[in-house]
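Visitor: So you can see what is in the structure, the chains are spelled out below.
Number of protein chains: 2
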Amino acid sequence: MAEKSISSAVIHRLPRYYRYLGELKENGVERISSAELSQIMSVTASQIRQDLNHFGGFGQQGYGYNVAYLYTEIGKILGIDRRNDLIVIGAGNLGRAIANYGNFERRGFHIVAMFDRRADLIGMDLGNGLTVRNAADLEQYLAEHPVRMAAIAIPKTGAPEVAERLIKSGVKAIWNFAHIDLEVPDDVVVENVHLSESLMELSYKYHSRHPEAE
Amino acid sequence: MAEKSISSAVIHRLPRYYRYLGELKENGVERISSAELSQIMSVTASQIRQDLNHFGGFGQQGYGYNVAYLYTEIGKILGIDRRNDLIVIGAGNLGRAIANYGNFERRGFHIVAMFDRRADLIGMDLGNGLTVRNAADLEQYLAEHPVRMAAIAIPKTGAPEVAERLIKSGVKAIWNFAHIDLEVPDDVVVENVHLSESLMELSYKYHSRHPEAE
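Each protein sequence line maps, in turn, to chains Y and S. In terms of the working numbering, the first sequence is residues 1 to 214. In terms of the working numbering, the second sequence is residues 1 to 214.
Quick caveat, the hints were computed from the structure, so don't treat them as lab data. It cannot be assumed that every hint is accurate.
[Unchecked claim] Derived DSS-like pairs: lysine-lysine, alpha-carbon spacing no greater than 25 Å straight-line:
#1 S/172 / Y/156
#2 S/156 / Y/205
#3 Y/168 / S/205
#4 Y/168 / Y/156
#5 Y/172 / S/205
#6 Y/172 / Y/156
#7 Y/76 / Y/168
#8 S/25 / Y/76
#9 Y/156 / S/25
[To be verified] Stretch-level coverage of chain Y by chain S, calculated; a stretch enters the list once three of its residues show a Cβ under 8 Å from a Cβ in chain S:
#10 11-23
#11 70-80
#12 195-202
[Said to hold, decoys possible] Some but not every residue of chain Y turned toward chain S, in silico, with C-beta under 8 Å:
#13 101
#14 103
#15 173
Ideal Cβ positions, reconstructed from N, Cα and C, are used throughout, including at glycine.
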């Protein structure tokens, strides 16, 4: 599979294809044309053909796409055809929201441990089989459980230090909710969720569409 | 200001410029060259010049950018030079994380009410001046308080109905955390935060960088 050559724009769209194909599959749809998929997803049919051609051989003229096959293949490309364990640093509302988000588990992501340094949170039973661990024990935990993915859900001031500790303990993928850009070595990947920035984009869209608004 | 012609890619980068310029301003930096800004932000200087040229006249050859001025102007473009009220639907962990996220208030976003339909959450004091209201009272609240922005932080099954109710009550901007694409009229804008999809992108990046991983 020629994964290396896929642009980040295509990669960005893959989870959405995966979501729609999953819904079609659940509804018993076996095959779908790019025109039909185009209508459901509000994307042009040519965009869909172009995107899915990157993975070759899924679509056939006059037949369309095999939904289950395409769903499985995109899952493989996204690396979610296997179990992915992750730990969460920060047991505040955001960390708990992440830990309790049932959708992740359906996609093969398992949150196996949760850490915080706040004494009032350490030991808290999260009701999903997890108890908040002391952040001081992070290195020991990762030495015993070589987890490679971690979510950082703490304020930005503490995030760079936590990221450094995670990386030293072998973490290779950081899901960063702290409002700061982390500096990481080449073999570590970061995906940012900057909520403030998303809200500012909403604000831009709103005010440019409604210039009369206060 | 020629806002209409700015591409969505540039808009997507503006909040990050805003964040860095805000930090520079806080640190007392008065002016900065595109080369310096480039180094801090890990973006090419030509990209910075190209992006900021959309707003015209901020940079001067041999002088660089006036940090405070550029910060203010980008804030205006993003519509955060004024107060923006929003309500939050869903008082679960995610909704509470949004409601307690102090950074928003610094950017002029004020969460003025929070709603849920779960009896065990209605009436809950969130400790930030907010008490969870009954979702059944949404229309009445919006009739009395014409808020135009709303965050939807509930499971996807209920999200389309809630969006419809919000829109009927005059909401024009939806910050959507539900894992579904909302259908909205032309004058309503949506910004999605699809956490599962972000996590799948992290997974892709990780597995493509580390193909040897299990």
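Visitor: May I ask which of the numbered hints given earlier this structure violates, with the numbers listed in increasing order?
Guide: Of the numbered hints, 1, 7, 8 do not hold.
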